[in-house]
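Those protein sequences? They're chains A and B, same order as listed.
Numbering of the first sequence is given in numbering that gives the first Met the number 0, commencing with residue 0 and proceeding in unit increments.
Numbering of the second sequence is given in numbering that gives the first Met the number 0, commencing with residue 0 and proceeding in unit increments.
Since the hints were derived computationally from the structure, they do not count as laboratory data.
Glycine residues also receive a C-beta, built at the ideal position from the N, C-alpha and C atoms.
Treat each hint with caution, since some may be false.
Taking lysine to aspartate or glutamate pairs in the DMTMM-like style, the calculated list, with each CA pair at most 20 Å apart, reads [what the hints assert, rightly or not]:
| # | chain 1 | residue 1 | chain 2 | residue 2 |
| --- | --- | --- | --- | --- |
| 1 | A | K224 | B | D645 |
| 2 | A | K224 | B | E518 |
| 3 | A | K224 | B | E433 |
Here are some chain B residues pointing at chain A (derived, C-beta under 8 Å) [to be verified]:
| # | residue |
| --- | --- |
| 4 | R315 |
| 5 | S447 |
| 6 | T606 |
| 7 | N679 |
Partial pick of chain B residues on the chain A-facing surface, computed with a CB cut under 7 Å [unchecked claim]:
| # | residue |
| --- | --- |
| 8 | L129 |
| 9 | T130 |
| 10 | P314 |
| 11 | D316 |
| 12 | T608 |
| 13 | R647 |
| 14 | S672 |
| 15 | A673 |
| 16 | D674 |
| 17 | H682 |
| 18 | H685 |
| 19 | E771 |
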Amino acid sequence: MAVLVWSERDGALGNSIRSGRRVALSAEEFRPEAESLDQQLDALLDMAWQALTIITEHVNGKARFNAFEQVWVLGRAIYVSDILRHEAMQGEARTLLWQALMAKAWFGIRQYLEREPRWRELIPRNRKTWLERPAENRHYDFLEIGYWLREQQLQDAGEVFGWSFTNAREVYVRASLRSNELRRALLHWLRRQRPEIREALSKSARGKPGFELIPKALQKRFPAKGPGSALLPQHYPEDELRSIVCDVLDSARDAHFS
Amino acid sequence: MDAVREGHKTVSVEYCLLRRRTDAGEPCFMLTVIDKGTTGLRGPIVSDNELAARQFKLTPEENWAAFEAQGYTKENEDALGSRGQGKAAFLYHSNVPGKVRRMLMLYDTLLEDGKYRLGMRFARPVDQRLTRPLEDKEAIAAVQDDTFPIDHDLAVPLGLSPLREIGTRVIIPFFDEEIVAAIGPGGEFERWLQRCWWRAIQAGRLRIRVVDEEQGNATEIEAPGWWRDLPRQKDKPSTDGRWIKMPDGGRACIWGDIPFGDGHQIRRLVLLHSDALEEDEIVRDHPEYAGVQIMRGSQWIETRGARQDFGDYIPRDRRPGFRGYVEFDKQTDSLLRVAENSQHDGFDARGRKGEIVRELRAELDAFAREFSAEMGWEMATPIATQQLSQRERTTHTQLLETFLNPNGRKPKSSSKADDAERNRLLWNCRLDLEYPDPNSARVDWGQSLCNVYVEVGVEPSEELAGSADLILEWVDDSGKSHEMFRRENAINKQWGEDRVKEQFELGDWQILRGKASRERQIECPVPGECRLRAVVAHRGERVKSASRTIYVQTEPPPPPQKNPVTLSISAANISANDKNRIDHGEELQLQINARNRGTQPGSFQLTATFEDDVLARDEPIELEGTPAGDSPRRQAILTERLQLLDPRQSAPLRIYGTQPISMPDSSGRFTISADLHDENGDHVAHASRPVFFQRDPGNARNNLPFEIEQQDQKAMWLMNRELDRLTYPANYPLYTEMKEILRQRRALQGQLAFVAEISANGLLEWALRPKETGNDSNYDQLYDENSSADDNLWDDFNRGLERLSKEVESPTDFARAWRETVAIMLDIFAQENN
């Protein structure tokens with residue numbers, strides 16, 4: 000199947016149908032399904048925007064957007080809307096949906112071509128490289144991360160990653176550390192740390208020990224490939240995983256904060 | 000059409016629907032099928048006992064006996080399709096009135112010598128027929144009579160005219176009323192006949208008429224409109240294709256004499272598209288015209304669907320107007336028939352016999368793609384892949400297929416392709432023995448190899464014709480083999496068993512320097528690396544062998560220090576054997592194997608996972624040791640059957656005996672991983688293997704592990720880090736100096752020889768590089784412990800792989816072993832593909 004992707008050229012808006020199939024065809028044949036998906040994205044973006052307005056901090060009456068919250072809201076909305084089960088997404092990779100979703104949010108085009116400028120607020124400020132290279136999947140990694148974070152409540156996810164999108168990405172790029180089980184164990188360990196340690200661990204300050212020591216230490220224990228990679232965090236019972244995570248991170252902490 | 004009479008070009012078949020009344024006065028239908036221009040049902044009447052005594056074999060002339068019997072084979076004919084399926088189809092359409100479902104058919108025939116016969120078959124509850132058919136006047140009278148009494152409860156209304164022309168008539172009384180409606184003009188019945196036989200009709204070999212006697216309708220089946228004129232184009236079509244404009248604005252392309260696969264040939268391939276054509280399908284999910292019809296002997300067998308199979312190349316709005324057909328030379332026709340199912344409505348693409356079908360499908364795929372590109376439907380392929388010629392790509396594919404196949408078994412020599420029986424059998428052979436020192440493969444003069452034991456298996460057992468011999472031979476240090484023992488007709492089929500399994504205890508064999516004076520002594524005057532080999536010979540051919548290495552009076556090399564224990568994972572889609580991808584609801588069979596090259600047995604712990612599922616955690620495993628110098632044996636340590644489920648789709652029917660696994664996503668590349676630890680918890684081996692769920696491995700269209708491409712680079716060839724892309728430079732001096740091959744006569748020729756050599760090198764690297772981390776998964780696909788060849792080349796290839804997998808003393812030694820193995824691979828490739 001395929002998705003409808005909006006674009007702008009010389010000030011004029013247009014759209015095209017894109018399919019991620021092995022051999023590129025004129026994907027126009029899937030336009031009806033793609034248009035139906037496009038209509039459902041309206042509701043998804045509305046839902047995400049409503050949620051964002053509730054959680055965003057306001058300073059002097061002005062919204063102060065946080066990239067971590069923005070991606071979590073998008074991921075959660077995708078999950079709740081069940082959009083990935085839409086028939087247009089049958090047999091398609093998620094990245095195609097990211098292309099459609101971001102272009103739609105950026106150009107703010109509703110059904111019947113009504114404009115919706117507010118949706119732009121959903122896109123993190125420095126996550127716009129996809130505008131120049133819309134077909135390259137790597138520019139949409141923030142949406143992948145948002146979708147990955149969907150499994151946790153915002154508060155729990157925020158505590159684990161210190162409300163930092165960069166910290167979340169540090170874990171996400173290590174494929175063996177992506178399980179929700181590990182994030183729960185990590186939260187368990189973090190909640191037992193002294194406030195100053197937690198404060199230091201939530202930041203990623205250059206030259207000082209920060210959040211990155213957590214993914215680095217965990218990846219040594221859970222390599223993504225090669226020897227020792229068969230048993231990943233999600234394969235352990237909860238108690239055993241907590242104990243492993245505590246051992247690994249206690250020694251990493253002691254090595255850096257002694 | 001097989002029974003066409005000499006001097007006649009055309010066979011005529013007439014389907015005639017008649018109305019009759021039963022004894023009770025109820026209306027009923029009768030269908031007669033009369034063929035003319037045939038020989039009639041010739042030959043003697045063969046009783047059941049006589050047929051059994053002849054081992055269910057009939058000669059081609061024994062048509063009457065063949066028509067009456069079930070479950071026989073005819074000599075000089077391919078076995079499939081000669082088992083009474085056609086008769087059964089007639090029978091199933093009769094529905095004798097009564098509480099129990101009963102079926103009945105009669106058949107009469109007029110022969111060249113004036114003889115007339117009438118026979119009858121009655122099925123359900125018991126299958127029975129007239130023990131002696133009625134003959135001549137008696138038969139004619141019975142046919143003409145108003146009723147033909149079967150028993151005191153049932154009489155069949157006949158009242159037919161006797162046959163006046165030589166031929167046969169099948170009479171189906173009490174013809175199923177539900178089907179009568181389909182027989183009307185333009186009905187489903189005529190449409191099916193057209194689909195199946197239009198090509199034979201067009202070629203003038205067959206005429207089919209459908210007559211409804213009471214309604215007065217008579218229809219002659221014709222070729223569909225779009226094909227009517229096209230194949231009659233003058234001039235022989237070329238292999239490059241000839242494009243034709245259709246009167247309705249459509250376009251067609253005709254190709255002729257296209258070689259494919261291992262010496263097979265497409266006689267004619269025609270693809271056509273016209274917007275004026277509308278979809279004409281009876282069963283929507285089963286393609287009939289919408290796609291490329293594969294015709295075997297002018298009969299439609301299967302259609303590669305425009306949507307199902309070429310959906311990637313043909314846009315949805317073009318599919319209704321897309322048509323095609325392909326037909327073959329006689330030799331290819333007969334090979335296709337071996338892979339055809341007995342209902343003549345599909346091919347089995349699995350295993351060795353299905354190889355031709357897989358090759359054909361890949362070929363059709365390429366032509367559909369070319370057609371699509373020419374029609375402007377498909378975007379141009381990237382430049383990098385365009386530079387590589389189709390012949391080079393085919394050579395690469397052939398080389399990889401020679402050494403890898405989906406069943407993990409080596410293909411057998413294709414030089415004697417006429418022996419279809421042999422191709423269907425899968426043989427297994429295992430050779431066990433005890434060395435004097437259990438830790439070493441060294442045997443000194445005077446010492447014995449004890450308890451030599453051979454196990455031979457073959458499946459499917461019902462296909463085994465005759466028996467097979469077991470041969471034990473000694474291969475000395477120079478590679479010369481000496482037969483020591485032969486047991487003729489040792490492997491026989493046992494009725495009622497799924498597979499044949501024979502075990503042979505061959506006792507102790509003493510190695511001597513001098514002359515052997517009694518049985519079970521082996522003369523081996525020269526010390527060195529020798530082999531004891533068990534060979535299975537079936538119908539004069541060596542079909543399988545197994546061997547063990549023996550160092551006579553010589554110290555074998557020590558076991559490797561690095562990675563003495565290795566793991567490998569094999570994973571196959573057993574729901575669809577010719578496919579690498581696994582779709583929702585299909586079954587994955589996975590097996591984890593280990594090899595212990597150390598001399599001592601060991602206890603280990605296995606952990607294996609498939610994404611979020613744990614298949615084994617710290618499972619205790621015992622691995623036997625390998626005597627120094629002997630080839631390590633692959634030991635299966637975990638076998639699982641998994642049914643993979645898409646979390647976004649509704650649950651399919653469960654496959655019995657499988658473990659359902661919900662995949663983390665609806666499509667992607669997922670990994671099976673395994674780790675082995677020793678008793679101290681130290682890691683000793685690791686293996687992983689990708690599984691492509693609802694997604695094709697983009698780089699390997701033909702289920703092959705890596706693709707070949709041209710790229711700017713210095714090295715003659717390079718294999719990328721992911722082991723899925725082999726590249727070579729188009730300006731490599733040796734390559735540019737070699738001739739470009741336009742007409743290929745031999746497998747190794749000009750630039751194709753260059754491609755074969757780098758493909759062989761790539762294949763070795765693909766197999767050996769993962770071994771650096773103890774991962775044998777790729778190596779196991781290349782190395783077959785039970786080599787199956789009728790010469791020593793495959794054995795030499797296995798020895799070469801073993802040498803490369805052992806620790807070698809210097810890089811120079813390793814490079815030499817590598818070069819030698821590549822040379823053996825090229826020899827095998829030439830032998831198998833010339």
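Here's how the hints hold up against the structure:
Simply put, A/K224 and B/D645 have alpha-carbon atoms about 25 Å apart, too far for the 20 Å limit, and the pair is violated. Restraint check for A/K224 and B/E518: not satisfied, since their Cα atoms lie roughly 55 Å apart, outside the 20 Å limit. Of the supplied pair hints, the one linking A/K224 and B/E433 is violated, its CA atoms being roughly 39 Å apart against a limit of 20 Å. Because the smallest distance between the Cβ of B/R315 and any Cβ of chain A comes to about 4 Å, under 8 Å, the interface hint for this residue holds.
Taken as an interface hint, B/S447 does not check out: its beta carbon lies about 42 Å from the nearest beta carbon of chain A, beyond 8 Å. For the restraint placing B/T606 at the interface with chain A, the shortest Cβ-Cβ distance is roughly 5 Å, inside the 8 Å limit, so the hint holds. At its closest, the beta carbon of B/N679 sits 15 Å from a beta carbon of chain A; the interface hint therefore is violated under the 8 Å criterion. About 57 Å separates the beta-carbon of B/L129 from the nearest beta-carbon of chain A, more than 7 Å, and the hint is not met.
Nearest Cβ of chain A to the Cβ of B/T130: about 59 Å, over the 7 Å cut. The hint is violated. Given the 7 Å rule on beta carbons, the hint for B/P314 holds: about 5 Å separates it from the nearest Cβ of chain A. Hint status for B/D316: holds, given a least beta-carbon distance of 6 Å to chain A, under 7 Å. The beta carbon of B/T608 comes within 5 Å of a beta carbon in chain A, closer than 7 Å, and the hint placing it at the interface holds.
Interface hint status for B/R647: upheld, as the beta-carbon distance to the closest one in chain A is roughly 5 Å, under 7 Å. Hint status for B/S672: holds, given a least beta-carbon distance of 4 Å to chain A, under 7 Å. The beta carbon of B/A673 comes within 5 Å of a beta carbon in chain A, closer than 7 Å, and the hint placing it at the interface holds. Checking B/D674 against chain A: minimum C-beta separation of about 4 Å stays under 7 Å; hint holds.
The closest approach between the C-beta of B/H682 and any C-beta of chain A is roughly 5 Å, which is under the 7 Å cut-off, so the hint is satisfied. A least Cβ separation of about 4 Å between B/H685 and chain A falls short of the 7 Å threshold, and the interface hint therefore holds. At its closest, the beta carbon of B/E771 sits 10 Å from a beta carbon of chain A; the interface hint therefore is violated under the 7 Å criterion.
Going through the hint list in order, the structure does not satisfy hints 1, 2, 3, 5, 7, 8, 9, 19.
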